[in-house]
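Q: One letter stands for each residue in the lines below.
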Amino acid sequence: MSDQGQGPAVGVATKGPGGSGTPLLEIRDLSVSFPLERSTIHALQGLSLHVRAGERLGVVGESGSGKSVTAQSVMRMVPSPGRVTSGQILFEGHDILGLSSAAMHDVRGGQIGMIPQNPLSSLNPVITIESHFLEVLSLHLGLSKAQGRQRAVEALRSVGIPDPLTRIHEYPHRLSGGQRQRVIIALAMACQPRLLIADEPTTALDVTIQAQILELMDDLVASSNLGAVLITHNLGIVAGHCDRVVVMYAGRVMETATVFDLFDRPSHPYTVGLLRCVPRLTRTRSRVFETIPGLPPQVTTISTGCPFAPRCPRAADRCRTETPPLEPLAPAHLVACWDPVDQGAAVAK
Amino acid sequence: MTAVPVAAGPPVPTAARRSSDSFWHAAWYRYRQNRLALVAGVVAVFILLVGILAPWIAPHSDTATDLSSVLAGASWHHWLGTDQIGRDTLTRAIWGDRTSMTVAIGAPVVGLVIGLPLGILAGWWGGVFDWVTLRLYELFQMVPTILAALLFIIVFGVNVWKLALFIGITLWVGFSRLARAQYLALRERDFVHAARALGAPSWRITLVHILPNAVGPIIVFFVQQIPYVIFTAAGFSFLGLGIQDPLADWGKMINDSVTYLPIDALLVLVPIGCIGLACLSFSFLGDGLRDALDPTSR
Amino acid sequence: MVSYLAQRFLSLLFTLLLATIAIFGMMHAVPGGPFTFTQGVLSPAAMHNIMVRYGLAEPIWRQYLNWLWQLLHGYLGIPFEEPTMTVNQLIASAWPITLIVGGLTIVLSYTLGLFFGCIAAIKHNTWIDSVITAVVSTIGVALPNYVIGFLMIEVFAVRLGWLPVGGWGTVEDVIMPVIAFSLYPMALMERYTRASTLEVTYADYVRMGRARGLSERHLLWKYILRTSLIPLITIMGPWIPNILTGSIFIEATFSLPGLGAYFTTASLRRDYPLIMALVLIVAALWGLCFILSDIAYVLVDPRVRLQGVSR
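Protein chains in written order, with the working numbering: chain G, 1 to 349; chain B, 350 to 647; chain E, 648 to 958.
Think of the hints as simulated: they come from the structure by calculation, not from any bench.
Don't take every hint at face value.
As the list claims (entries may be wrong) - Here chain B is said to cover these stretches of chain E; the calculated rule only asks that three of the stretch's residues, wherever they fall, bring their Cβ under 8 Å from a Cβ of chain B:
1) 653-667
2) 782-788
3) 793-803
4) 883-897
5) 927-933
Model, not experiment: these values are computed from the prediction.
Don't be surprised by glycine CBs; every beta carbon is placed ideally from N, CA and C.
Take these sequences, add in the hints, and give me the full structure.
A: This is the structure we're talking about:
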């Protein structure tokens, strides 16, 4: 586990830019907007990313950058009045957006599992843990009660819940936050999905539990060769538990690269700014917290030009008028910037 | 990592944001969106105004009887007809508005005045005070409100103010409970802790800091009691126990005119219509206020 | 559980006692007794005899204790207005009527209210929701139930002759009072059900259930309704005694010989034994219903423990 907040990651990911073959999940040019009373919020604008089997993709960004909407779009659970206005989402080659309702129900839980942010409120308070499992196991795998019960116990055991045989009969409120998150992970994995989407899975937990949960997820992903999307605002988590990273801002991708490349040679000014914001325990020179001046925008108009331009120290006129496309700087390292930071002469930390 | 100069300049203006709405602005905006509530609000204000201005806008005298036209239908002279002793129905309805509204607003005020302080104290201090208050709730809730008011009337007699008082007394528990729940919840909020840490005295915290935050649901509750009071007061008059002659309120008008229904339906329909209009408008007003002040309740 | 029940019962008894003392005191506080309204003017001697006969000559606290003592023996006294019967008999003849009307009202208003509320919430943001809410709310809330009752009599009994004008004896007598009485509780019930169900519809665990692929139908029954109906218990409970003790207005309008009528006349005539008995019944019913609804809550919601329930 890498030390968080220590600058460039020090050799962490247990796999290389993992995965193989065609992407498990591919999002092409996705746009999602929320038409509201007084305005329309364009939560996603032309978003593209992909995840392969066995690969962990981190999606990083501030609040409002569109990370959660991305996850919701894949599950086709964007809350109304939001809707997908253009783009494609391909899961194992099939267009998710074109699936029927019934088919989508199969996909959810059966092929794609989701781990939400708030474990305290994500379980049905009036049914037992066992019932939670039996529901999905009979639905997706057609298991009988007896079989389901057995599976449930195994699942709980595999996520490290002690004494699963008794726990199974309890109600969610009897478990702690960390335990509930484990149960949720177990539930998400129970039907052997091929893709896991975790939306800030540890934000609501305290730090020691965070570490355990993340390790647990790493193990599960590795042992089942899943694809995983890890949405977070915490760069440390990304450094320690992801193979590739996507940096989002204002509903668009700013930069995407392998973990090594991103932390070693961040090229988008936003990424650079983000990394500078992480307080370093070892640097004694400055005592001031670095920030990126300004606030992220509420995207209510589709404008041309780079969305980061107002806050970018390197912004030029071109940046304000023309939208920079996402282009490769190096193999597997894409940046959406007219004047990316040149990391050629990288200074050692 | 290379050093990238982060411009140390003046704060960069962000994309345009609406100036932050205060709670009341936002509530007013939401309220305006709700057409039904808007209409209801206008009607409710109209009804109140009629009551206040009654002495000046009633076309005829309240007690003048015109025995030459008894139980007449609508006419130019008497827009809504006359009753069995020749009094102008429109006038009676207007004065009835005044009476009914006095009770309808007065009773919740009484309930508020009694219930709010008790609820605040129970919610804020807790402990024994709270325990006693809870027992009081149980005690008062055992006797259904209508029966209690009835008893009061029988024992102490009735006039407009007494009616408002008695019905009001039966309402205090509702206000008190609400206030208590609000204060119990708000007591734990950070801004209260901050105020205490700064040494603010209790009375200041409860009145100046917490009250403006608690007041939303209380206002809604207040407005919601109005139709209930109208019902109840009219009900007593309907039974002959409410307002007495020569005063009128709508319930009494119904009661008086029932026997003449076959001859003069208008006489009965006017007070019924008034009650219906008042109840509906205050009900929808209450709903609109609730939706505006608490956006989480859809 | 047992100790909790015992505790609640004791506190109920205590409060009942207080309530009866309060009412008793209030009745006696006002000048004029039950016999100042009789037909003729009684001579002081006759008046004195009557007072002694009915135990009214004793000091108040004695009168109260007498009443209490008799109560413990199951004896509620003799009503002043009907000296040939006992209060027990009078209540026994009147209350069933109120109970029947009340019981039917509860069944009708609760089921319809729940039903409409659920549908309105599920079809939230569609025309169905708007229509239901508008109609149901308006009906229940626009006019007092006795006015509606009166209008119903006019239309259905007088004009159309389909239903009887009032009184008690046949099945048809029940229809209009129950309907009129049900409108307001039904409207309230619909409102609360809708609000509660809506709140749950957007809850995290429902969304997560959907994310696991559970069908909308499964989500509706096991996730939404199962939890949204719980808070309704605390609302439904307290109305029951209200309804079961009848509406004096409805009973007056439809000429039903139930408890309500007696309450009015008893109050008017200062019929102490009758009043005390009525108050006692009402108060006891209330207390009982509170306790029962607390217990029901505990049974239905696994998150609630008995100690935590405070009113």
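Q: Hint by hint, note whether the structure agrees.
A: Hints and how they fare:
1. 653-667: Answer holds; 5 residues pass the 8 Å Cβ test.
2. 782-788: holds (count 3)
3. 793-803: Holds, because 5 residues of the segment 793-803 of chain E bring their Cβ atoms closer than 8 Å to Cβ atoms of chain B.
4. 883-897: holds (count 7)
5. 927-933: Per the Cβ count (3), the hint holds.
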